[in-house]
Amino acid sequence: NAGVTQTPKFQVLKTGQSMTLQCAQDMNHNSMYWYRQDPGMGLRLIYYSASEGTTDKGEVPNGYNVSRLNKREFSLRLESAAPSQTSVYFCASSFGQGVDTIYFGEGSWLTVV
Amino acid sequence: QKEVEQDPGPLSVPEGAIVSLNCTYSNSAFQYFMWYRQYSRKGPELLMYTYSSGNKEDGRFTAQVDKSSKYISLFIRDSQPSDSATYLCAMLGSGEYGNKLVFGAGTILRVKS
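From first to last, the protein sequence lines stand for chains H and F.
Using the numbering used here, read the first sequence as starting at -2 and increasing by one per residue.
Using the numbering used here, read the second sequence as starting at 65 and increasing by one per residue.
Read the hints as simulated data drawn from the structure, not as lab findings.
Among these hints, one or two may not hold up.
Stated by the list, open to error - Quick list of simulated restraints, FRET-style, between CB atoms:
1) H:Ser81 <-> F:Asp142: 35 to 45 angstroms
2) F:Pro145 <-> H:Glu76: 35 to 45 angstroms
3) H:Thr83 <-> F:Asp71: 36 to 46 angstroms
4) F:Ser116 <-> H:Gly13: 41 to 51 angstroms
5) F:Lys131 <-> H:Pro36: 41 to 51 angstroms
As the list claims (entries may be wrong) - According to the in silico footprint, chain H covers these stretches of chain F (three or more CB under 8 angstroms from chain H):
6) 103 to 116
7) 123 to 136
8) 168 to 177
Said to hold, decoys possible - To give an idea of the interface, some chain H residues facing chain F are shown, with a C-beta separation under 8 angstroms as derived from the structure:
9) Phe7
10) Gly13
11) Met38
12) Phe87
13) Ile99
14) Glu103
None of these values were measured; they are calculated from a predicted model.
Glycine residues also receive a C-beta, built at the ideal position from the N, C-alpha and C atoms.
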């Protein structure tokens, strides 16, 4: 039972470098999400995709782009990494939106130096 | 002011104690209230959720919602070392982010054997 799989688990970037966080789910879920988690801030929504072919901004979208490649995959791209983007990133998915249970991946630890 | 406030702890209790975890919120439009548990270096997992005011019990866990006070609680009876984790409250929001979860910062719980 893979659930939500994120790669890479750990990454160190230099300021200005770009990278893509990959996420895939095998639960046939329609909705997918990217969150970041910072100490004292909780989980904050970066972008979400309610269904294949659609993406929308969340609470903290600046500096990020996303692609819903197909129903299974939802990637998060940092075009020009900044130290403020040092965080733990979680991908998540759910069948619908609202109260449907959201399943989280195990997280990607990103450090920008 | 954050929409959801949660004391970050850490909260340290002896095994067998009753634990009370709490969140306050400001948005009266919240209707669904969730509790997530997050073990170290793992993604959050849904523990339970309630709709509107009232109590809900699941084994050793009881969730309580008081909408008049904008206050929610999670009680853990007969706490075990395996309950040691970060507990995040979450609420289903509306408005500019649509029906998206808004998370508290999380409370770190340590149960000592």
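Structure-based check of each hint:
no. : hint                                     : verdict
1   : H:Ser81 <-> F:Asp142: 35 to 45 angstroms : holds (43 angstroms)
2   : F:Pro145 <-> H:Glu76: 35 to 45 angstroms : holds (44 angstroms)
3   : H:Thr83 <-> F:Asp71: 36 to 46 angstroms  : violated (25 angstroms)
4   : F:Ser116 <-> H:Gly13: 41 to 51 angstroms : holds (48 angstroms)
5   : F:Lys131 <-> H:Pro36: 41 to 51 angstroms : violated (29 angstroms)
6   : 103 to 116                               : holds (count 8)
7   : 123 to 136                               : violated (count 0)
8   : 168 to 177                               : holds (count 3)
9   : Phe7                                     : violated (10 angstroms)
10  : Gly13                                    : violated (28 angstroms)
11  : Met38                                    : holds (6 angstroms)
12  : Phe87                                    : holds (5 angstroms)
13  : Ile99                                    : holds (7 angstroms)
14  : Glu103                                   : holds (5 angstroms)
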